[in-house]
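J.: The chain contents come next:
Protein chains: 2
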Amino acid sequence: MTQNFTIDTQLQHRTIREFAPVKVTPAQLETLLQVARHTSTSMFMQQFTILQITDNQKKAAIRKISTQDYVGGNGELLIFVVDLYRNQQIRKQMQADDGRLHQTDVFIQGVEDTVLAVQNVVNAAESMQLGAVILGSIVNDAQKMIELLGLPQMTFPLLGLQVGQPAQKPQLKPRLPLPFTLFENTYQTAFDIHALAPYDEVVQTYYDLRDTNRRIDSFTKQVASAKMDQRDTKRNQILEILHKQQLCLA
Amino acid sequence: MTQNFTIDTQLQHRTIREFAPVKVTPAQLETLLQVARHTSTSMFMQQFTILQITDNQKKAAIRKISTQDYVGGNGELLIFVVDLYRNQQIRKQMQADDGRLHQTDVFIQGVEDTVLAVQNVVNAAESMQLGAVILGSIVNDAQKMIELLGLPQMTFPLLGLQVGQPAQKPQLKPRLPLPFTLFENTYQTAFDIHALAPYDEVVQTYYDLRDTNRRIDSFTKQVASAKMDQRDTKRNQILEILHKQQLCLA
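Protein sequence lines correspond, in order, to chains A and B. Under full-length UniProt numbering, the first sequence has 204 at position 204, and the numbering climbs by one with no breaks. Under full-length UniProt numbering, the second sequence has 174 at position 174, and the numbering climbs by one with no breaks.
Rather than coming from a laboratory, the hints here were simulated on the basis of the structure. Just to be clear, a hint being listed does not mean it is correct.
[To be verified] Restraint ranges, calculated between C-beta atoms of paired labels, are given here: (1) 215/A / 12/B: 39 to 49 Å; (2) 93/B / 174/A: 12 to 22 Å; (3) 43/A / 189/B: 22 to 32 Å.
[As the list claims (entries may be wrong)] Quick look at which bits of chain B chain A covers, simulated, 3 or more residues with Cβ under 8 Å: (4) 61-69; (5) 222-229.
Given the structure is predicted, the values throughout are model-derived calculations rather than measurements. Just so it is clear, CB atoms sit at the ideal spot from N, CA and C, and this is done for glycine as well.
Go ahead and model the full structure; you've got the sequences and the hints to work with.
T.: Structure below.
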């Protein structure tokens, strides 16, 4: 294994969900935003936008949508938005039609731009000894997020990111061993759940700081659990909302 | 601005498309894969898989799909696959139904897992003075990629990544200034293309090594150009292929 400062930090990655009452400095924030800006972008289309949330009422509303106590608390809250609106405007003002902007693959390119930037910012934050939590939970009610942030058609609020000074030291969370997630040349469809038993045991030694320090379920139990069961949730409406945003139409 | 080794590298990011005839060492490759493995994952569902391409015929086929000369040449070629198949198998073997796995939001979670890992690996590679190019072009013919890699339903080949010893020194590619991509609290829909004129000028000073060292079009011209025009391309079929893969059904 190669070792250097970047990689050592990456291999020590933990999600931080409790932040000290210390502000992210303007210099730190500027650095994070510049790193986001320098991220790879598909076909040079630059299809994402960041919303910095400073308004306390909006923070509270986002906290309610995400149903996570720590959202909008200490630290800085950024919302990463897939943004095809800007390029639609450019095309419109250059007398071009919308072209491929309503196609699913262009939306996926926008998602890629957005998520690449999120991870780049996470790496930058952790290199500064800041901690971060990526918030997929903002799409618990995507429609409300859209209204809250005044997002026009051709945009979609994909991920939140809360960054701050860590006030907790979680364990390193054990991930699937590579033999399950890496194949050579061809996907291996043969899969026997029993092979996961040793990993399942390791997962159960992990203490989740979120839930009053109790151990967590095995990986397989989590996959088969209620959180992946079909249920009545606004997350079921995402395709509908994407269409309403004029995205993924074909 | 904060400075450290990680951030300095991130701010110097260039896509590398020409690689020296030097192998990525086993230690380097192991490091990249371990970094991928330690990336954040949505709801702990770990929904991505990497295919390492070592077979020369497959490399040639992927090169043909991506229509980029350098694909499958010097360096290491990895294909990052959104993988909901593994969790479907787990649920099936635990006598659970497929639950939410066919929902669009779960597919998007898988995309997020996959893209977060790609960027993490890019950062690790660049920290080792390796170069990388992210290959969105593998979805130029997603159906052929699926057949080539033996990908089952519930998976989708999202991005390729070629990593190797850089054999070129591209210029730093100028990105949109933050005032266009960062808002506070509320999205600003007012947009006047004329405000982009200074940026457009800067973009035109960039020499693209890909096309025999000629300057590139301005950003706005690229957005309004043929590459974003509606046209007959297999990329138009991605939604159909996702459905065939039993993904994004609702």
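J.: Confirm or reject each hint.
T.: So, going through the hints one by one against the coordinates:
Take residue 215/A and residue 12/B: their Cβ atoms lie about 43 Å apart, and the range 39 to 49 Å holds. The hint said 12 to 22 Å for the Cβ distance between residue 93/B and residue 174/A, and at roughly 21 Å that hint holds. Look at residue 43/A against residue 189/B: about 24 Å separates their beta carbons, and that is inside 22 to 32 Å. For a cut-off of 8 Å, the count of residues in the segment 61-69 of chain B with a CB near a CB of chain A stands at 0, and the three-residue condition is violated.
Only residues whose beta carbon comes within less than 8 Å of a beta carbon in chain A count, and the segment 222-229 of chain B has 6; three or more means the coverage holds.
Checked against the numbered hints listed earlier, the structure breaks hint 4 alone; every other hint is satisfied.
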